[in-house]
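There are 2 protein chains.
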Amino acid sequence: MFIDVLVERIEKVGTPLCVGLDPSLALMPSSFLDRFGITPDTADLAAGAEALFHYNLQVLDAVADRVVVVKPQSAYFELFGAHGMRALERSIAAARDRGLLVILDAKRGDIGSTSEAYARAYLAKSPPRELEVDALTLSPYLGDDSLSPFFAEAKRWGKGVFVCARTSNPGGAMLQDLQVDGRFVYEIVADLVHEQGRAAMGASGYSNFGIVVGATVEEQARRLRARMPGMYFLVPGLGAQGGALSTLAACFDDRRLGALISVSRAVMYPHLHGSAGTALVDAIRAALAGFSEQVRGAVRGVV
Amino acid sequence: MFIDVLVERIEKVGTPLCVGLDPSLALMPSSFLDRFGITPDTADLAAGAEALFHYNLQVLDAVADRVVVVKPQSAYFELFGAHGMRALERSIAAARDRGLLVILDAKRGDIGSTSEAYARAYLAKSPPRELEVDALTLSPYLGDDSLSPFFAEAKRWGKGVFVCARTSNPGGAMLQDLQVDGRFVYEIVADLVHEQGRAAMGASGYSNFGIVVGATVEEQARRLRARMPGMYFLVPGLGAQGGALSTLAACFDDRRLGALISVSRAVMYPHLHGSAGTALVDAIRAALAGFSEQVRGAVRGVV
Numbered sequence: 001m002f003i004d005v006l007v008e009r010i011e012k013v014g015t016p017l018c019v020g021l022d023p024s025l026a027l028m029p030s031s032f033l034d035r036f037g038i039t040p041d042t043a044d045l046a047a048g049a050e051a052l053f054h055y056n057l058q059v060l061d062a063v064a065d066r067v068v069v070v071k072p073q074s075a076y077f078e079l080f081g082a083h084g085m086r087a088l089e090r091s092i093a094a095a096r097d098r099g100l101l102v103i104l105d106a107k108r109g110d111i112g113s114t115s116e117a118y119a120r121a122y123l124a125k126s127p128p129r130e131l132e133v134d135a136l137t138l139s140p141y142l143g144d145d146s147l148s149p150f151f152a153e154a155k156r157w158g159k160g161v162f163v164c165a166r167t168s169n170p171g172g173a174m175l176q177d178l179q180v181d182g183r184f185v186y187e188i189v190a191d192l193v194h195e196q197g198r199a200a201m202g203a204s205g206y207s208n209f210g211i212v213v214g215a216t217v218e219e220q221a222r223r224l225r226a227r228m229p230g231m232y233f234l235v236p237g238l239g240a241q242g243g244a245l246s247t248l249a250a251c252f253d254d255r256r257l258g259a260l261i262s263v264s265r266a267v268m269y270p271h272l273h274g275s276a277g278t279a280l281v282d283a284i285r286a287a288l289a290g291f292s293e294q295v296r297g298a299v300r301g302v303v
Numbered sequence: 001m002f003i004d005v006l007v008e009r010i011e012k013v014g015t016p017l018c019v020g021l022d023p024s025l026a027l028m029p030s031s032f033l034d035r036f037g038i039t040p041d042t043a044d045l046a047a048g049a050e051a052l053f054h055y056n057l058q059v060l061d062a063v064a065d066r067v068v069v070v071k072p073q074s075a076y077f078e079l080f081g082a083h084g085m086r087a088l089e090r091s092i093a094a095a096r097d098r099g100l101l102v103i104l105d106a107k108r109g110d111i112g113s114t115s116e117a118y119a120r121a122y123l124a125k126s127p128p129r130e131l132e133v134d135a136l137t138l139s140p141y142l143g144d145d146s147l148s149p150f151f152a153e154a155k156r157w158g159k160g161v162f163v164c165a166r167t168s169n170p171g172g173a174m175l176q177d178l179q180v181d182g183r184f185v186y187e188i189v190a191d192l193v194h195e196q197g198r199a200a201m202g203a204s205g206y207s208n209f210g211i212v213v214g215a216t217v218e219e220q221a222r223r224l225r226a227r228m229p230g231m232y233f234l235v236p237g238l239g240a241q242g243g244a245l246s247t248l249a250a251c252f253d254d255r256r257l258g259a260l261i262s263v264s265r266a267v268m269y270p271h272l273h274g275s276a277g278t279a280l281v282d283a284i285r286a287a288l289a290g291f292s293e294q295v296r297g298a299v300r301g302v303v
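Here the protein sequences come in this chain order: A and B. Note that the numbering used here gives residue 239 to position 239 of the first sequence, counting from 1, and the numbers run on in steps of one. Note that the numbering used here gives residue 289 to position 289 of the second sequence, counting from 1, and the numbers run on in steps of one.
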């Protein structure tokens, strides 16, 4: 099942980093776009989608033997319509060809049979679908019965889900940090996932059902870690959003596991962070190495 | 702008009904699927997507001169991957060719530049995209700054958004009905949309920014209607989910406007509700006529 493969590979490769695939034409080097004959605001969606896919290939080639999992962000593909979704399908296949696990960051959530359709689209193994991934992110505003179809489908196929509990953005506080009868909303969500996740425990001691916790919210991360043994946290917000290493450390448990640290644009676009003159793949590897070292330091500080 | 066109057409056509496009192979007549040589669990995603599109065409032909707006549900298209998204693009084009407005029900929501990418994918007029629609549904769990990019893009192009406030499912209560300092969470969300929507008011007296309110939650609908003058409600839950006419009535304001009542499968699949032997288009029209009469009755009861 997803979580056991994830944990086994993390222990083998030695880093809990996840590389986000947020392909944005506006952030790619103009020399790269030139190869496709486009500018960032191109109306040629087929060519734009082709550029997304080929940029992802470079990132995948650079990181494949250094991390165990990548996280494509659906929005950047949807921006190119059906062409973009085809680029997403091809990117998923390319990641798998390189032995990587894939978490699709789509923050889906709806009611009844609509949630069922989303769950089948991304988590079912049969009939085979090119958008099938290993795990999917979910948004919980519509409540427990909106998540049930995802839990059921994930259980059926041994897949993972990560439900947004406390996200990394400042506005995350608006609803998620509200407190009712002594529990924060992010805890209410996490409690539900934790309880449901008992039916999806792996041999690793972790559940296939996890939560999203931002690297920017240290107090919430500490509370959640203490409350949620055996639950994996998907942790975005390092890099561009300024997440602190002490918050990362708070996300790990006493096995020095339990957290998957996601870095996206700071790794994907190293030329925006002072790597001019270096080949893209080398610059991506250097950026990734820097983050790996930081995260290893944070993990070592845990116990 | 979206809301003014919507209101003008609703007054002209005389019904506030919106037909949901939830194309599901499992609910289509087997004789229809036979034309595409597939069964409901086909692994041929291209043929499946073709069936979705052609079923939608029948629904659109049946309803185009009787309602003003349709609401495709993204999940059912995503289930067929890139092929499905192409079917969605073609369905949007077919709806527009028939003079219909299109609300995409996708319940998107993410942070910062990811929300920006979603907003551009569905709401921007330039560069032209085949997924461009008139309005988009949003999910607010990630808070105010997760919605801002959608508000900004909608404002820029005169488009609409409908943010989930109180949804029609029982589980909607879990987070949405929590009360903090005298305000329910669904009110906190609605207040934000209402406030932001002041900057997107149309000549009709309504804002381009509305909320989703289920036809199954009468008390919440009454509270929201009283609190939110000048705001349009997108109201699903009539038909399959058993929404009551008194709740529908509660969603309208004293102009007998302010609510868009969405019916999906009870109109799309009349053969499941006892129309055997009738041609599909005729059966769809009959089902729609029944709902129109019910809703007109509810609206007449308002003032």
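Wrong hints could be hidden among the right ones.
Given that identical chains are not distinguished, each listed pair holds provided it fits within a single copy or across any two copies.
[Said to hold, decoys possible] Dumping the calculated SDA-like pairs for lysine to any residue here, alpha-carbon to alpha-carbon at most 25 Å:
(1) K155 - T42
(2) K125 - F291
(3) K12 - R35
(4) K155 - D181
(5) K155 - V281
(6) K125 - D4
(7) K12 - R255
(8) K155 - Q179
(9) K155 - A46
(10) K125 - L245
(11) K12 - L272
(12) K12 - A276
(13) K125 - T39
(14) K12 - V180
(15) K125 - A46
(16) K125 - D181
No lab work stands behind these hints, which were simulated from the structure alone. Note that this is a predicted model, so its numbers are computed, not measured.
Checked hints:
| no. | hint | in the structure |
| --- | --- | --- |
| 1 | K155 - T42 | between (41 Å within a copy, 22 Å between copies) |
| 2 | K125 - F291 | neither (34 Å within a copy, 39 Å between copies) |
| 3 | K12 - R35 | neither (37 Å within a copy, 52 Å between copies) |
| 4 | K155 - D181 | neither (31 Å within a copy, 38 Å between copies) |
| 5 | K155 - V281 | neither (37 Å within a copy, 39 Å between copies) |
| 6 | K125 - D4 | within (18 Å within a copy, 45 Å between copies) |
| 7 | K12 - R255 | within (14 Å within a copy, 66 Å between copies) |
| 8 | K155 - Q179 | neither (31 Å within a copy, 33 Å between copies) |
| 9 | K155 - A46 | neither (36 Å within a copy, 28 Å between copies) |
| 10 | K125 - L245 | neither (37 Å within a copy, 41 Å between copies) |
| 11 | K12 - L272 | neither (31 Å within a copy, 53 Å between copies) |
| 12 | K12 - A276 | neither (33 Å within a copy, 60 Å between copies) |
| 13 | K125 - T39 | between (38 Å within a copy, 17 Å between copies) |
| 14 | K12 - V180 | neither (42 Å within a copy, 46 Å between copies) |
| 15 | K125 - A46 | between (28 Å within a copy, 17 Å between copies) |
| 16 | K125 - D181 | neither (41 Å within a copy, 46 Å between copies) |
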